[in-house]
Amino acid sequence: MQTDWEGFYLDGRTAARQRARVRLMQSGIEVSTEGGLTFLWPYDQVRQTQGFYAGEQVRLEKGGEIAEALLISDAAFLTALHEVAPERRTRFHDPARRRTRVELTLLAALAVIGIALAIYQWGIPILAAFVAPRVPIAWEERLGSSVIEQLAPPKKRCEDQELRAAVDDVLKTLTAPLPSRPFTLRVIVVNDSLVNAMAVPGGHIVVFRGLLKRARTPEEFAGVLAHEVQHVLQRHVMRALLQHASTGLLVVALTGDVSGAMAYGLEAARTLGTLQYSRVAEEEADREGMRMLRAARVDPEGMITFMEGLRRKEGDPAGFLRYLSTHPTTADRIERLRSLAGAPGRPSIKLLPDSDWTALRERC
Amino acid sequence: MAETCPKCGYADVPGDECPRCRVIVSKYRAHLQSLGTGGVATLVAAPAPSAPPSQWRPSPAGGAPGGIRRLSFHGSGGSLFGIHIVNVLLTLITLGIYYFWGKVRVRSYLLSQSEFEGDRFSYHGTGKELLIGWLKAMLVFGIPVGLLVNLPEFLDAAFEVKVAAGVLAYCIVTVFVPVAMVGARRYRLSRTAWRGIRFSFRGRVWDFVKLFVGGTLLSLVTLGLYSPFFATKRQGFMVSHSYFGNQKFDFDGRGRDLFSPYLVAILLTLPTLGLCWIWFAARKRRYFWDHTSVSAARFHSTVTGGALLGLYVVNLLLLIVTLGLAWPWVKCRNVRFAFRYLTLEGPLDMAGIQQEAQVAVAATGEGLASFLDMDFDLG
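Chains as they are written, first to last, in the working numbering: chain Z, 1 to 364; chain B, 1001 to 1379.
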């Protein structure tokens, strides 16, 4: 076995390196420098700071903060070191174990994937579902006020008295069977052609004129409203905020230090991640909304026919694209709603029996 | 006769197969010879050199004097990814505490894979230092600013109180940015070494705070026209207070040399949709390096806007396609890119470079920098 090696010695005082002959002894490493000095480094006082990867020179240091160093280019030196001083095995890296290290790294990668998926699939949703209902409603209302300013500025609101009364009447019918309401629910109709409605933090529901016109009966409108009311009652907005924040933390934990351009890649990952949560929330709002309609004895067919109308007009994203959407596909939603609606049980009540809905919805 | 394994160096190979690394010795030898290297095999298999230590070949003292020197990078994205994934696992298991030790491993790897004149750089920071630095920064900066920003909102304070708190928080952040920049640089340089000689930074924080706050205000007042002067001043401060051992770095750039490229970049912003700023960034990088010297040697950069654009576009695509997982490869690409266009020209007297380490540096500035979301790369 080879015991003598060539290397370089750094004295820690100047940047000049001296050639050195390194000999592995039982008691330590004997170094003879170009300058004619010979000294012994006991194994206990030597630490390895480089040479853990192929092609990287082996670096041994001795001393305190500012150390002397030995540099040996041949990794086989480490193998010989392990032969001479087997009892110091843990002090020095063994190149023969690099393959094991790769295997362990692969295992670590699998473990990371497993843990990350578990956190994403269960950890974050459970945490958010637990925390969201415990966030004081006053905070959420404060959060919502600025959103309302943007989404529904007072100038764009429909203030027609009759429409107001009708909308409030539908809302009252829907929420009547509820035992208690922590939120003061309020519906705002906005003069905008968007076919959309949304739940804003703090119990406000914004309905755009475009959607109102798409609802052919008060029952269809009640279906949409039930869905949005459930978003509010289930604290979906707060949950989404918490999920967004924790997904961000997870992404950062997975990718380490990021700055500049890297942040864009990460934002894409995060957005994709939260879309899944959004679809789950939509499903829940559909399910609970349907239950709400039945409890209030409103014809559940309205919610379904509204969706069908939407599907005829808008269509559904095909194939893979459905995973890039905040909502489940309309076809899936209709199917699920149908099974939830079940057989007609008690006769349903007629909403707004004394008004002409077709004329009413035009009053915005 | 037992022989030495040509691959792993195991001494007593009984037959043709090494019991340790399982290599077939004869096949491995043939493979090495066919490659024409034979380097490892001959070195290891050769009998132990018996020449007395007095027979030295003349060693090149400090490399080629007056030559053109380059940095080279030997790291691979794969190895860095391996380090990273283990870091992530341990960080998740320890609820974040391992993060600081992981950071040290990444920095250590990047520096150990950077080579100059045949020797690698080394990193001497520790996870414990980084953790303590972060905790201190949390105490003096993170918690006060966090409270200042959130508490008035929380307590639903009067509008005036909210505004005052916001302004105060903004001022604190503005002052802490330069403090963090200096602190992080001081810590990092003090923990970086080459051939056992530490780098150091000896600028005073207060001087940089004055320079920074003044420059920020002037840039605002002049609607940004002052910013090339400001950037040059910042660079000058950072470079000219940096040392390698007892050798001082010098910077002789002047802001006015960057002023006309800056004006051109402003004028071309609309027609080029902002792309001209990449060319300006390359120009600035070249200018800064070309005006940086250490003892009698001067740096020289040949980076171009096109090359920089190529780097950015590929990096961005890699990150987006892999949802950020490719960052170890991106990191290695960045270092390799920085080294490719950089040379150091002129004499370097290695024996004249004496150790003058400044190791009593806390990592508080480093911790601050992580709060302010700043990252310092080789540029």
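These aren't lab readings, by the way, just hints derived from the structure by calculation. Some hints could be false.
Said to hold, decoys possible - Distance windows between CB atoms, simulated:
1) Z:100 to B:1096: 21 to 29 Å
2) B:1349 to Z:49: 42 to 50 Å
3) B:1128 to Z:104: 19 to 27 Å
Even glycine gets a Cβ: it sits at the ideal position worked out from N, Cα and C.
Evaluation of the provided hints:
no.: 1; hint: Z:100 to B:1096: 21 to 29 Å; in the structure: 28 Å, holds
no.: 2; hint: B:1349 to Z:49: 42 to 50 Å; in the structure: 26 Å, violated
no.: 3; hint: B:1128 to Z:104: 19 to 27 Å; in the structure: 24 Å, holds
The structure fails to meet hint 2 from the earlier list, while all remaining hints are met.
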